[in-house]
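Generate the whole structure from the sequences, applying the supplied hints.
Line by line, the protein sequences give chains A and B.
According to the UniProt record's numbering, the stretch in the first sequence is residues 1 to 295, in order.
According to the UniProt record's numbering, the stretch in the second sequence is residues 1 to 286, in order.
Because the hints were derived from the structure by calculation, they are not lab data.
Just so it is clear, CB atoms sit at the ideal spot from N, CA and C, and this is done for glycine as well.
Keep in mind that the hints are not guaranteed to be accurate.
[Unchecked claim] Away from chain B, derived, C-beta distances all over 12 Å, residues of chain A:
1) GLY3
2) GLY19
3) ILE73
4) TYR111
5) ASP189
[Said to hold, decoys possible] List time: in silico SDA-like cross-link candidates among lysine to any residue, alpha-carbon distance up to 20 Å:
6) A:LYS28 / B:ARG139
7) B:LYS275 / A:VAL267
8) A:LYS142 / B:HIS20
9) A:LYS226 / A:ASP64
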Amino acid sequence: MRGKPIIEIENLFHTYMKGTPMEHVALKGTNMVVNEGECIAIIGHTGSGKSTLIQHFNGLIRPDSGKVIIDGIDLSKKRIDIKALRRNVGLVFQNPEDQIFEKLIGDDISYGPFKLGLPIKEVRERVKWAMNMVGLNFEEMKDRQTFALSGGQKRKVALAGILALKPKILVLDEPTAGLDPKSRNELLDKIKSLNKIENLTVIFVSHNMEEVAYLADRVYVMANGKDVLSGTPIDIFTDKEKLQRYQIGTPETVQALYRLKDLGYNVDTSAFTISEAADEIIKVLTNGEVENHGK
Amino acid sequence: MEPIIALENVSFSYKINETHEVSVLKDVSFSIFPGEYVAIIGHNGSGKSTLSKHLNGLLTPGSGDVWVRGHNTKDASRKLDIRKAVGMVFQHPDNQIVATIVEEDVAFGLENIGVPREEMKQKIDEALEVVKMSEFRKRPPHHLSGGQKQRVAIAGVLAMQPDCIVFDESTSMLDTFGRNEVLQVMRKMNTMGMTIITVTHRMSEAAEADRIIVVEDGKIVMDGKPRDIFKHKEVLMELQLDIPAVSQIAEMVHIQIPNFSKELIQEEELINEIKRVSKARSGEVV
Chain A
1 MRGKPIIEIE NLFHTYMKGT PMEHVALKGT NMVVNEGECI AIIGHTGSGK STLIQHFNGL
61 IRPDSGKVII DGIDLSKKRI DIKALRRNVG LVFQNPEDQI FEKLIGDDIS YGPFKLGLPI
121 KEVRERVKWA MNMVGLNFEE MKDRQTFALS GGQKRKVALA GILALKPKIL VLDEPTAGLD
181 PKSRNELLDK IKSLNKIENL TVIFVSHNME EVAYLADRVY VMANGKDVLS GTPIDIFTDK
241 EKLQRYQIGT PETVQALYRL KDLGYNVDTS AFTISEAADE IIKVLTNGEV ENHGK
Chain B
1 MEPIIALENV SFSYKINETH EVSVLKDVSF SIFPGEYVAI IGHNGSGKST LSKHLNGLLT
61 PGSGDVWVRG HNTKDASRKL DIRKAVGMVF QHPDNQIVAT IVEEDVAFGL ENIGVPREEM
121 KQKIDEALEV VKMSEFRKRP PHHLSGGQKQ RVAIAGVLAM QPDCIVFDES TSMLDTFGRN
181 EVLQVMRKMN TMGMTIITVT HRMSEAAEAD RIIVVEDGKI VMDGKPRDIF KHKEVLMELQ
241 LDIPAVSQIA EMVHIQIPNF SKELIQEEEL INEIKRVSKA RSGEVV
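Shown next as structure tokens:
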């Protein structure tokens, strides 16, 4: 059983540059409930409002109208404990450059814990732990300059900086964009263990359907500023009509299986993993033989 | 044929503090020829982004030379010719969007090289059409999503009509549809004769290219056709890379069904192989 709701969004609206000729409505009545300990993926076409939505989770954007309750804090109220909110909700941006500002890696990751007023020994422990979580060697990397890092390494530093705050809710905007296959798989495993073992609530925006299938308990699909569909990855990726309507991609495996299905092969399109997909193909190829025997 | 870009014994280091530097490129040599579609792969920190920044003189070698259309990238007087010949699209569109309206952003490069007004409009129209962003031309770019911004950035480079475009992980921020659109654009531009170089972490994307260059620890460790490169699964795994999902599936099917080819790299090939084997199997029985 999952815990009680930790994020409740009801009929949320947000408009950028209100009252100007460039006014743009990004959210048009979005609803969402996230329970404690869940891992939720938010997917949707570019411009569907995903990034605007998640910036409400730690109060970077306040609701124009509608209800946003994060871990008991009602963001539609004027006076809220924004510090408590930011302590509980760690938001990792899509561009790591947006949140790395110190010259040295170790300084950058320790900035948050220092601001929390933690003793230096604990800060050091947290930085070490966070760097280990994202696969950066503490001794080797702590005194490296941040500007000379590769894109993937910067992403790891940005994530470590947030993890060092030990948030209850981790919000990630495209967590593995720019990572090589090995770093990507390692990071996905780390996120999974943070979620399953440390019981961190995880919400991530992704366009990578392989990682949605691998990580998420539930998926919300955004389109045109609204949540249009939600369910388990199997619910979502087997609903071909809706995949088409909302232009949702599928994992590469599912994509190939759908093509086979269209060609008249009897395959199960909910086979996400490589080995499941291979099994489906083997089944089709060997079943064909059995059927023909019967003729 | 004359290469469009030639690297000769290129080495490059970043200074990390007063006393230390990290050597990123180590004696790299290769050539890119007109009309090629090349994918550069390598793990994070292998040096591939630094390498790609050498291809149009954004960085110049510590030692060795890079020649673009016969001009040395160290020759500052040739900078404009070099940048005109080789355009670059980066991973983060925010770093390359400068104007407050989409069409003005696309126009930025053209204005800089003094393209006449009428011609400029036509070039902007064409470029926005290719990346499917025409309906956004009057919108401010900073309120677009990552994928949309990236397409605007690509339009900006496209409008300059370079001979070669380097995509430095330019699809890594895009959703499946955005990525497929950009990949189609890349393929289309390539068939029209443009040289395409793409730096990517997605093996299925590298499989689309005609040639793959594998970078490890600042050196070129493999250079060849995708089909040949992806035969070396163990080596790639050691280099923290992978083979495309299609190749992995093919390999597993091959173990159970030996006449199913294990050397597949694209989805199209997988589908065709299934058709072939399935037909052959029913043929066997009848």
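For each hint, the structure was consulted:
{"no.": "1", "hint": "GLY3", "verdict": "holds (30 Å)"}
{"no.": "2", "hint": "GLY19", "verdict": "holds (15 Å)"}
{"no.": "3", "hint": "ILE73", "verdict": "holds (27 Å)"}
{"no.": "4", "hint": "TYR111", "verdict": "holds (19 Å)"}
{"no.": "5", "hint": "ASP189", "verdict": "holds (14 Å)"}
{"no.": "6", "hint": "A:LYS28 / B:ARG139", "verdict": "holds (19 Å)"}
{"no.": "7", "hint": "B:LYS275 / A:VAL267", "verdict": "holds (14 Å)"}
{"no.": "8", "hint": "A:LYS142 / B:HIS20", "verdict": "holds (14 Å)"}
{"no.": "9", "hint": "A:LYS226 / A:ASP64", "verdict": "holds (15 Å)"}
Checked against the numbered hints above, the structure breaks none of them.
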